[in-house]
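Chains as they are written, first to last, in our numbering: chain L, 1 to 112; chain B, 113 to 499.
Everything labelled a hint here was simulated from the structure, so no lab data went into it. For every residue, glycine included, the Cβ atom is placed at its ideal position computed from N, Cα and C. Do not rely on the hints blindly, as some may be mistaken.
A partial selection of chain L residues facing chain B, derived with a Cβ cut-off under 10 Å [what the hints assert, rightly or not]:
{"hint": "1", "residue": "W27"}
{"hint": "2", "residue": "I32"}
{"hint": "3", "residue": "G40"}
{"hint": "4", "residue": "Y43"}
{"hint": "5", "residue": "R51"}
{"hint": "6", "residue": "P68"}
{"hint": "7", "residue": "R71"}
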Amino acid sequence: MQPLSRVTPATVDVLECLLEGAGTATWGLQVIKRSSRPPGTVYPLLDRLERAGWVRSHWEDDDARSGPRRRLYALTADGTEAASRTVAAFGARRAPASAAAPASPRGSGAPA
Amino acid sequence: MTGSPARPAGRLAACVVGVAAMTLPEPVRERHRQEWLADLAGAEGVGVSPSGVAVGALVFSATLNRDAPEVSGMPIGEVARRRARWGIVAIAAGGVFGVGSYVVGGFASAIRPTLAPVELALSLIDTAIHALAITLLLIGVAQLWRAARLASPLATVTAALATVGLACLVAAAFEPALLAPFALTGLVAVVGAAILGFVVMASAPLAGRLPPQPTAPLPNRRAVLCILAATVGLLALVAVGAVDLLVWGPLAQTDGLTLDEVYAGLGAVDRANGIAMIVGWIVIWTLFVVSFAAFASLLQWRGRAVRSRGLFAVALLGGSALLFFQPWAGFSLGMGIADTLPPYAGGISPVGYLLMLVGQASFVGALVLGVAPRRPPRDAVLAASLA
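Construct the entire structure; sequences and hints are all you get.
Written out as structure tokens, the structure reads:
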């Protein structure tokens, strides 16, 4: 697994969404919905996380649903640890700023 | 809630997603196409805008790192080599079109045809050729930099040298007062970049290379058709070039005279020398075309060794060479006209101008077939897409 070259608030939001899944795979569109980030931000982020080995993805195995298959994303074991550390570190950095200023609309990145 | 979106906005978003997917490299194309279509189908169900998904697909395509092996389906060294080769082809093509227009003077040097639409079309082509030359140079330089970024610091120096050299050459064309220093500096830099680039490729081979891609020889029937098409095309160029030399060219050089008046006005020696040079050109290049056809046929007959790419590369190179020498074949006749039939209108005929462009395009075509990398075999790149 490779470290991320850049961690942005959007990265943290996406990681939080994936951590909430707690080992279960999440549909990419649900990550978009829960992170409240636009698809143009989330798609490249998921791709970057996957290539860095933090996330792995697979096709949904649902025979009852026809049409194009959904792509599901889940943190790897190493990715889960790294994501937890990253989110915590980012939260710690954000906390002093939050104390000094009103909370941003995104807040802690809680799911919608 | 599955399947293709039915509403117009949904269909438009699906079209955009399809276009975005088409721009992706083959190894990752199908995966993302299917993923985005599934997201589109379910977007409204989870409260996400389908247009957002479509825009997301476009953003993803625009920002994707296409050099990564898992995206390109090729080792990084192979990607760098292919980018460098495309860069060389684009720069050479831009140079051919740019220098061709600069030396000949473009359409401005051609005698105007009487038909206004033809004149308009040729002048538009002329403008497009200039723009194409600059665009190709920019694309070529960009490709060299992209290749250098993947290779080594020395490769970056090569790209920088090539950029400076080409910038100087372009500046020389636009600033006649500084032609000599800019042109000299540009040539030295470009030649230096070529030598350094060769050293980089030879001394520090980049890791990773696709296995050789042998191509199957053409089956007999297809080979015959290809040889025939190339031969007929080359003979047509000789024929049109000959008519231009003997008829349209002299008419363009003597504004207002008929063809009979032109040839009657020339001295016997000038006329004979001029026609002899043109006949020489016709004979030499007809022999070349016949030899080309015979040699290709012999190769095919002996061992079915003809490959379409090689065949057409040689044919295009031959076509560019015969058209390069075509104006020179008319030099003697033109000098005779200039000496004995004033006022000399000068210039080339519209057909001669078009032949010049065809010659340049043929050379560029030969470069693409001979120097540009071939598409990698599907099975070599599809493995990554099935993961």
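Which hint numbers doesn't this structure obey? none
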